[in-house]
Amino acid sequence: MAVAKMRKVTIFAYEEIGESIFETLRDLEILHVIKSESYGHRERGDAEEPEVDEAKYNETLSQLSAIKSYFERYTSIKKSFIDMFTGAKPQMSYEDFQKVVARYDVAETFDKVQSHEKRLREIDKEIEELSQRTQVLEPWVDFDIPISQMGPTKTCDMQLAIVPTRSLSEAVKEIPLEHVHFKVIWQEHGNSGVWLVGLSDEEPSLSAVVSAFGGVIVNLGREVAGYSETGLVSDALANIEKKKEELLNERNAILVEDSEVAQNLMDILALIDYYLDKKNLFEIHQEVAKTRFTLVIEGYARAKEIDKLRNGLGMYKDIEVIDEEPGQGEDIPVLLENNALVRPFEFVTNIYGYPQYNEMDPTPFLAPFFWVFFAMCLGDAIYGIILSIFSIVFLRTQNLEDDKLIKLLGYCGISTVFAGALMGSWLGDLPKTFLAGTAFEKFTSSIAILDPVNDPITLLIVSLGLGILHIWVGIIVKMIGTIRQGAVVDGILSHGSWVVFLPGLILWAVSQMGIIQSSVPLYIMIAGAVGIMWSGARNQKNILMKPISAIGGFYSMLSYFSDTLSYARILALGLASAIIGVVVNMVSALVVDMVPGVGWVFVPVILIVGHLFNLLINALGSFIHSGRLQYVEFFSKFFEGGGTPFRPLKRVRKNVWVVE
Amino acid sequence: MFEGMIGKWVLIGCVLLFGMLIVGLIFGPLLGGNVLALMGAGLAVFLGGIGSIVAVGATGEKAAGMTAENPENFGRLLPLQALPGTQGIYGFLVGFLALVKIGAFGGVMDLDLAQGWQVFFACVPVAVTCLVSALYQGKVCLAGMDIVAKKPEESGKSLILPAMVETYAVLGLLASVLMIMFAVKI
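Chains as they are written, first to last, in the working numbering: chain W, 1 to 660; chain F, 1 to 186.
Please note: incorrect hints may appear among the correct ones.
Straight-line distance between alpha carbons at most 25 angstroms, and here's what the computed DSS-like set of lysine-lysine pairs gives [to be verified]:
(1) W:K79 / W:K68
(2) F:K150 / W:K68
(3) F:K151 / W:K79
(4) F:K150 / W:K35
(5) F:K151 / W:K654
(6) F:K151 / W:K35
(7) F:K157 / W:K654
(8) W:K79 / F:K62
(9) W:K56 / W:K654
(10) F:K62 / F:K8
(11) W:K89 / F:K157
(12) F:K150 / W:K89
(13) W:K99 / W:K650
(14) F:K150 / W:K650
(15) W:K112 / W:K68
(16) F:K62 / W:K404
(17) W:K650 / F:K151
(18) F:K150 / W:K404
(19) F:K151 / W:K68
(20) W:K68 / W:K279
(21) W:K304 / W:K650
(22) F:K139 / F:K157
(23) W:K242 / W:K35
(24) W:K654 / W:K35
(25) W:K99 / W:K308
(26) W:K8 / W:K308
(27) W:K654 / F:K150
(28) F:K185 / F:K62
Covered stretches of chain F (chain W as the covering partner; in silico rule of three or more C-beta atoms under 8 angstroms from a C-beta of chain W) [claimed, not checked]:
(29) 84–90
(30) 151–160
So these bits of chain F aren't anywhere near chain W, every CB distance computed over 10 angstroms [claimed, not checked]:
(31) E69
(32) D146
(33) A183
Keep in mind that the hints were calculated from the coordinates and are not lab data. Quick reminder that beta carbons are idealized off the backbone N, C-alpha and C, glycines included.
Let's have the full structure, built from the sequences with the hints guiding it.
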């Protein structure tokens, strides 16, 4: 129930077995390795060989990530919608993992992937180019003179041209065409493809004719080149088509092959993890102290696990493992250790941070309050049942790295059932709306003692009361912490007097209202007040200022007061979820009358969607605001935080979860 | 871009609020108490709504961009987008409570001018606090998304910071609810 005891561990070993030791430590997952300070770093530069190693890992990793993104075009690791929230990773057995690492040739696959990628690009480019040729040639398909014969001969000139169709009929009248013969080959989109023959020596020349038409001479020689032995456009088109077919077939073959190879995406992911792990170990290896032949690994391990660590390292004969009590002023990593009941609440603590090593773990103190606050904010029995069932099902079906949050939701579900039952809220006021007069309705209203909607003041008082209790516990924890650190007088005077004063004040207020008849609360309050004034005046040297400092001791009262008011949010959130629940029921009841006859059909739909929405949005709100009450109102009383989390050396599991 | 627009949206909210006030002051006797009460209920719903729409829109835009880059973060970003959405719900809730109070669902709706104004003003706290807090909470959520991007393992912290802004919407809600339930005499 606290911060786990740590031992400082120092391992001396020969440099040559260093890599193997780090691998063993990684598999043990016990030692939190720290960067060496006391032994100083080895100068960079005299460690040339390892630099090469690092470059090699980096190269392999970049090859792997290229392969990965190439493979991901063909296939992907299926992830369910839920996995997006849990961050679950695909699993792989240890044997498979070992096999992959042993046999997979990364460089070979990388070369293949690269050449495929290059070839695919080439093919695409070629097909693109062929398509352009086809586009140009297509209209001329019926032209039955080889393209190679176009151009001037001794006496004649032959050309192909594209001219606007409109100008054909108009321009003919203006241009003398006695020596020119032309024939329209195709007409499309207002343009015409024209074949022209004319005498070479006569004016006007063919080019003059074409420009008079407002057209251009086209030379199809380039498009036909290489694809038509006869020089005919139709042949060229057929050949281009054939070539395209071939290229497409080649492309398909590559794609089929790749999509087969890409099924090994898992292997690639595993390999990425493997090399990341190698790199990680390598970097840590670089960070520890070493001399020419020896290696000094420093770190922390849980006191409980020291024997396990020694056993795990037992196979190495020539190493020395020393464990000692950590010294003052060291940055000792923190691991929270709580029993199964409290452990899920570590999630709440961890959002804020970790306590210092010599501080108390706040988790056991915040756990009951978080449990209750969440319940009161959500405040619906059925929502609680849904949360608990969800938690159980989720834990059973999903393989989670960290199940604290889900367990926490399950626990809070249970408290929500109680809170909901006490407030008479079962899916809002569903029993009253739809089940009036049934045994269930009678049962639910018989156990309800609070009605947040019609009597919010009672709930407000309960909320503020819980708030005062929460703050009071915070001060007690602070007092205990101060005493534990040796400042007994300070602890009792500064904090203890508040611990006495606050309940005295409240009881006194209650007695003033005439609810209890006793003067004892007054004495308690006065005793507390005297303590507060004493502690305020104690550190003031100036006699004249002492009374002012004594009164100043009550200054904290202001912040306690405003902190207490903050707990009104419990009521507000409780009201919000309760009233939205009521609204959903009301709307679904209204629908029954609105759509005569078949209105009942819509009722379950509205109820399910509406209540699910209410549950989701309010569970989020309840969680966050219950958390805030811990961080801002509760932690500010005693908690410092800022500890370094305990992170033992572990296998890198970024993409794949390797199971033994 | 969104950050620069907050002032504009708050201004639009104020124009709506004062527009209704002026309409009520001038035409109140003509319109009657029922209309004043309905104006209040409407104000709560749409000022809260405007704040949430704008903020959820802006956060959603960023979340979508970040999910495109790293789909793994989707689960962490979704709550951050949803956070400024609660103000719209609070506004709706008060609007609904006001409707229940004035007897819109069965019962006779017959409010005099004073009662109409009471309902109207009971709706104002939640309307204004929700509008402003949703916009600023959206801003904090946008910043919080950077925590998710840079330190995904710390993303729990990005949820707590926006909750501080929401406090005042919660208090506005509480004030309006208490006013409608106890202060408004019908």
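Results of checking the hints against the structure:
1. W:K79 / W:K68: holds (16 angstroms)
2. F:K150 / W:K68: This hinted pair holds, its Cα atoms lying about 23 angstroms apart.
3. F:K151 / W:K79: holds (22 angstroms)
4. F:K150 / W:K35: holds (23 angstroms)
5. F:K151 / W:K654: With a Cα-Cα distance of about 15 angstroms, the restraint between K151 of chain F and K654 of chain W holds, given a limit of 25 angstroms.
6. F:K151 / W:K35: holds (22 angstroms)
7. F:K157 / W:K654: holds (22 angstroms)
8. W:K79 / F:K62: holds (23 angstroms)
9. W:K56 / W:K654: Distance of about 20 angstroms is within 25 angstroms: holds.
10. F:K62 / F:K8: holds (20 angstroms)
11. W:K89 / F:K157: Between K89 of chain W and K157 of chain F the Cα gap is close to 24 angstroms, so the pair holds against 25 angstroms.
12. F:K150 / W:K89: holds (20 angstroms)
13. W:K99 / W:K650: holds (21 angstroms)
14. F:K150 / W:K650: holds (22 angstroms)
15. W:K112 / W:K68: holds (13 angstroms)
16. F:K62 / W:K404: violated (29 angstroms)
17. W:K650 / F:K151: Status holds; Cα separation ~19 angstroms.
18. F:K150 / W:K404: holds (23 angstroms)
19. F:K151 / W:K68: Holds. K151 of chain F to K68 of chain W sits at ~24 angstroms (cutoff 25 angstroms).
20. W:K68 / W:K279: holds (18 angstroms)
21. W:K304 / W:K650: holds (18 angstroms)
22. F:K139 / F:K157: Given pair K139 of chain F, K157 of chain F holds - Cα atoms ~15 angstroms apart, limit 25 angstroms.
23. W:K242 / W:K35: violated (66 angstroms)
24. W:K654 / W:K35: holds (23 angstroms)
25. W:K99 / W:K308: Distance of about 29 angstroms is beyond 25 angstroms: violated.
26. W:K8 / W:K308: holds (15 angstroms)
27. W:K654 / F:K150: At roughly 16 angstroms apart (the allowed maximum being 25 angstroms), K150 of chain F and K654 of chain W satisfy the hint.
28. F:K185 / F:K62: Violated, at roughly 46 angstroms.
29. 84–90: With 4 residues close enough to chain W, the hint holds.
30. 151–160: holds (count 4)
31. E69: holds (14 angstroms)
32. D146: At about 17 angstroms from chain W, D146 of chain F clears the 10 angstroms cut-off, so the statement holds.
33. A183: Holds: least Cβ distance 13 angstroms, greater than 10 angstroms.
The structure fails to meet hints 16, 23, 25 and 28 from the earlier list, while all remaining hints are met.
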